[in-house]
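Trainee: Here are the chains, one letter per residue:
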Amino acid sequence: MEISKIRNFSIIAHIDHGKSTLADRLLQLTGTISERDMQEQVLDAMDLERERGVTIKASAVRMQYAAQDGETYEMNLIDTPGHVDFSYEVSRALQACEGALLVVDSTQGIEAQTLANLYMALEQDLEIIAVVNKTDLPAARPDEIAQEIEDLIGLDAADVLQVSAKTGANVDRILEAIVRKIPPPKGDPDAPARALIFDSHYDAYKGVIAYVRVVDGTITKADTLRLMASRAEILPVEIGIFNPNMQPIDSLSVGEVGYIATGLKTVRECRVGDTVTVAGHGAQKPLPGYKQAKPMVFAGFYPSDNDDYDDLRDALEKLQLNDASLIYEPETSQALNFGFRVGFLGLFHMEIVQERLEREYDLDILATAPSVEYQVVLHDGEVLNIHSPSDLPDPSTISEIREPWMAIEIFTPEDYIGPIMDLVTKKRGEYVSMDYLDSKRVQLKYKIPLAELIVDFYDRLKSGTKGYASLDYHFDSYRPEKLVKLDVLVNKHPVDALAMIVHEDEAYRKGTRLVSKLKRLIPRQLYEVPIQAAVGKTVISRANVKALRKDVLAKCYGGDVTRKKKLLEKQKKGKKRLKMIGNVEVPQEAFMAVLRLDDDG
Amino acid sequence: MFPQLAQQRDNPCARTMTTQPTSMITPPASLALYVHIPFCQTRCTYCAFNTYTGQNNLILRYMRALERELAFVGPQAEAPVATIYFGGGTPSLVPPDAIRSFIRRAGEIVTLLPDPEITLEANPGTVDESTLRDLRRAGVNRLSIGMQSADAGELRLFARRHDVEDVRRTVALARRAGFANISLDLIYGVPGQSLSTWQHSLRAALAMNPDHLSMYSLGIEDGTPMQRWIERGALAAPNPDRAADMIEWATGYLVAQGFAQYEISNWSRPGRESRHNLHYWRNLPYLGLGAGAHGYAARTRYSTVLLPAEYIARIEAQGAPLAYPLSAAAVESEPIDAQTAMTEHMIMGLRLTGEGVAAADFRARYGRDLWDVFGAELAALLAAGLIERTPDDRVRLTPRGRLLGNHVFAAFV
Ligand SMILES: Nc1nc2c(ncn2[C@@H]2O[C@H](COP(=O)(O)OP(=O)(O)OP(=O)(O)O)[C@@H](O)[C@H]2O)c(=O)[nH]1
Ligand code: SF4
Ligand SMILES: [Mg+2]
Chain A
1451 MEISKIRNFS IIAHIDHGKS TLADRLLQLT GTISERDMQE QVLDAMDLER ERGVTIKASA
1511 VRMQYAAQDG ETYEMNLIDT PGHVDFSYEV SRALQACEGA LLVVDSTQGI EAQTLANLYM
1571 ALEQDLEIIA VVNKTDLPAA RPDEIAQEIE DLIGLDAADV LQVSAKTGAN VDRILEAIVR
1631 KIPPPKGDPD APARALIFDS HYDAYKGVIA YVRVVDGTIT KADTLRLMAS RAEILPVEIG
1691 IFNPNMQPID SLSVGEVGYI ATGLKTVREC RVGDTVTVAG HGAQKPLPGY KQAKPMVFAG
1751 FYPSDNDDYD DLRDALEKLQ LNDASLIYEP ETSQALNFGF RVGFLGLFHM EIVQERLERE
1811 YDLDILATAP SVEYQVVLHD GEVLNIHSPS DLPDPSTISE IREPWMAIEI FTPEDYIGPI
1871 MDLVTKKRGE YVSMDYLDSK RVQLKYKIPL AELIVDFYDR LKSGTKGYAS LDYHFDSYRP
1931 EKLVKLDVLV NKHPVDALAM IVHEDEAYRK GTRLVSKLKR LIPRQLYEVP IQAAVGKTVI
1991 SRANVKALRK DVLAKCYGGD VTRKKKLLEK QKKGKKRLKM IGNVEVPQEA FMAVLRLDDD
2051 G
Chain B
3 MFPQLAQQRD NPCARTMTTQ PTSMITPPAS LALYVHIPFC QTRCTYCAFN TYTGQNNLIL
63 RYMRALEREL AFVGPQAEAP VATIYFGGGT PSLVPPDAIR SFIRRAGEIV TLLPDPEITL
123 EANPGTVDES TLRDLRRAGV NRLSIGMQSA DAGELRLFAR RHDVEDVRRT VALARRAGFA
183 NISLDLIYGV PGQSLSTWQH SLRAALAMNP DHLSMYSLGI EDGTPMQRWI ERGALAAPNP
243 DRAADMIEWA TGYLVAQGFA QYEISNWSRP GRESRHNLHY WRNLPYLGLG AGAHGYAART
303 RYSTVLLPAE YIARIEAQGA PLAYPLSAAA VESEPIDAQT AMTEHMIMGL RLTGEGVAAA
363 DFRARYGRDL WDVFGAELAA LLAAGLIERT PDDRVRLTPR GRLLGNHVFA AFV
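Residue numbers (my numbering), protein chains in the order written: chain A, 1451 to 2051; chain B, 3 to 415.
Simulated from the structure, these hints should not be mistaken for lab results. A virtual CB, placed ideally from N, CA and C, is assigned to each residue, including glycine. Any given hint might turn out to be false.
Partial list, computed: chain B residues near chain A (C-beta under 10 Å) [to be verified]: (1) Y36; (2) D117; (3) A246; (4) W251; (5) Y298.
Just need the whole structure built from these sequences, with the hints factored in.
Mentor: Listed below in structure tokens is the structure:
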């Protein structure tokens, strides 16, 4: 396609404001998907996305649009996730585009990620088309929200398109606006090919599939290609476009978005952010690539069955192709043996990674409680970065422990300011500022330790504001705090995977709650098991899991031995999900108990 | 497909032989016959058995189908039949004539050993004196009566259709009708049950002078009303510690009353053990007839279609015998290889609290040494104090192991 007829754009918004639904309508209007294949949020193809109704992965699709000017345009759309934990997906998608549709729910208005994603798009110099969505709803306030967009973002309210992604009303105007407002790509059609890898996945037959945006030149199936950073040379197995399924074509030219099936079976040679060029007379200078995402929380991932360690390593490697924000390194635990310390952008990200590993790679994973990255300053001046409480050195060598603090922004109706203030104070946060967005809504700014933020802060914020508040955060600074390591001893042995770093003032409360939680979670064993929480040598709390006296046997009724055996097998399988620590069987939930210390249960 | 072992039928000393080629499994000396009667008047709140209400109009056709099924399967039986057990459901809903007819047909089709044990499960209040006399005359010589509890509150919770007075009357009538072998079923570990209501139930049972007692700790089965109540929080979950207190008290009490425990849930006066159930626990073969019945014969475990009407239809449509031990009612069958048989032998045999699993018997049956096959498992269980080894080289549960049977059996699966 001639470069002037190409339009590349992302759809960005706060979570649930209707990006994927809008993508559905665009795919329909352009005839990209037949009525028969249409389903709601068709681009949310992963089971997990469909079950949870949220987008996790950005996905690209090519559409052909016959515009009112009589020309046919090639449009490459990238639907992006709205959840803050997946903002790395958004930022990479934006780099493959010249424009963005900024969608705002007309019943909600501008929310935390509306702004966060908008700023990302502006940093990339993208053309923004603002769209107010869900105008079909009775509570919609499209004019007000359009005005809010003008006031806060500076786009003319009159240019804001008012649509319903559900009914399709006015969606055709978006396509026209894309043609008129978003510039075509700029690359040089005659230069040596350069394509940016913005995403990838692994295919058992075709090897690593690189998703690319061609920045200069043309790539054809016959070219030998070179990955500039890894220097791997490949003859593509296939190149193609997403429509939205993978469809092979002969070439991808300047400005276009598509994929290259590299045939590479080793995952490391093809990295997101690398530049693809042709071998021989290829480009000299790679494209800028991406900044690696900075993980916020870390957790140990261990195979429930120690024999699956290699499978877990392979799975992480492959999943990393499809989740560029994922980082990990091997780790050993006395309690859990060999596993990995994995870094995530947030707790939701962690949950999704664990589920994807279990579903897509058929693994059973035991995750330890998430931790943040501490800076430990030793007396000799050395500074250590600690991702895991068990790595904390001997307290006598430590001169200072610093923990990460975040700057957070909360958008909320003013009625909830009180409860939010209470919550932040309880979590050791500090007030920064409050601004009115309109007569009823405010933007609150605070600083808060990340360790507090990852423990149920978001859930509490949501429940305390009936779901109305939205949250965005970014790293602020490291601050020295009075922190201590809380050890947990099961059957008198310290369990490294249960240790946590807590504020000195909270050690007693947290230790007591953790012990009583664990007492409930650890099933009764054949003998009594003491559980203790300790700081240094001082035991702060203790409880005993009483010995099991009796189990219930199914009546072996009418000689149904098979059922009996099945029940026993099930019982045994259930036990496999338990981790043997010393002689004690500890369930997965125990390692996550730390996250629920404030629950009433 | 399955070799008939008829020529070895009458080898009574087979089980006492001690050396065997590895591949051979000694043919059994006898067979048990289980007959399932899947009809009840109403369903009890804890019950997940294969039984149906409102289908009593099918009973007579069902009984004819049972005879027909036996006629297909029975002639190929690998050993003579020692016991017949009518279980349910509520077998006492079946007219005695139909029971008599079945037993008579059984005598024609298979070889019945002399003095067979023939048990029928009866619910209190479903039988009068003449019915009991007719059953006795038909050949039934053992009654298993579903007493469950003497506490009115517990019986109501179970939605049983009788009170303790009905049990007393049924036992008395049965004695008068000539039943010399009567068993009572009791349930303990019930939500809300206290040690004293349990003591009251057990004393009331003993006052009826039974020959045999089965005491089941209540298991909460999926899909039962009781399970839903517990899930909703309307009913407390059974408390295993309290159940342990109850069974420990019962143990002392029953011994003082002249009863002996021979299986985890079963106690009897000397010589009154259930021969039919011993057959299961010794991992010996049995045929299962009827809807939702289970059988184990010719190294095959199998089960039959659940719905009575479907069972009847299948059997009525069956024209000729199938490969033994299956009939047209069979829906699942699984060949049991030597390894599985040995595993099952442990799971079943260790339930026998007195005799346990004898190394000599194990060798005679499977041609393998018990300690070679399960050495590691047995050692761990011995170390945990859950099993013991007797001077005559048997393994069996310790008193503590009797309460933790699942732990023990799970070691072998
Ligand atoms: N009534 C109405 N509902 C809409 C409209 N657009 C989207 N929705 C609903 O809003 C919910 C969220 O829509 P999605 O399209 O999944 O939102 P999203 O922005 O892609 O969400 P994430 O990808 O998770 O950030 C769904 O229940 C949609 O059916 C609209 O125009 N009108
Ligand atoms: S009588 Fe027995 S089989 Fe019938 S419903 Fe009650 S417990 Fe179940
Ligand atoms: Mg979406």
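Trainee: Indicate, hint by hint, whether the structure satisfies it.
Mentor: Comparing the hints with the structure gives:
no. : hint : in the structure
1   : Y36  : holds (6 Å)
2   : D117 : violated (22 Å)
3   : A246 : holds (4 Å)
4   : W251 : violated (13 Å)
5   : Y298 : holds (7 Å)
Consistency with the previously given hints fails for numbers 2 and 4, ordered from lowest to highest.
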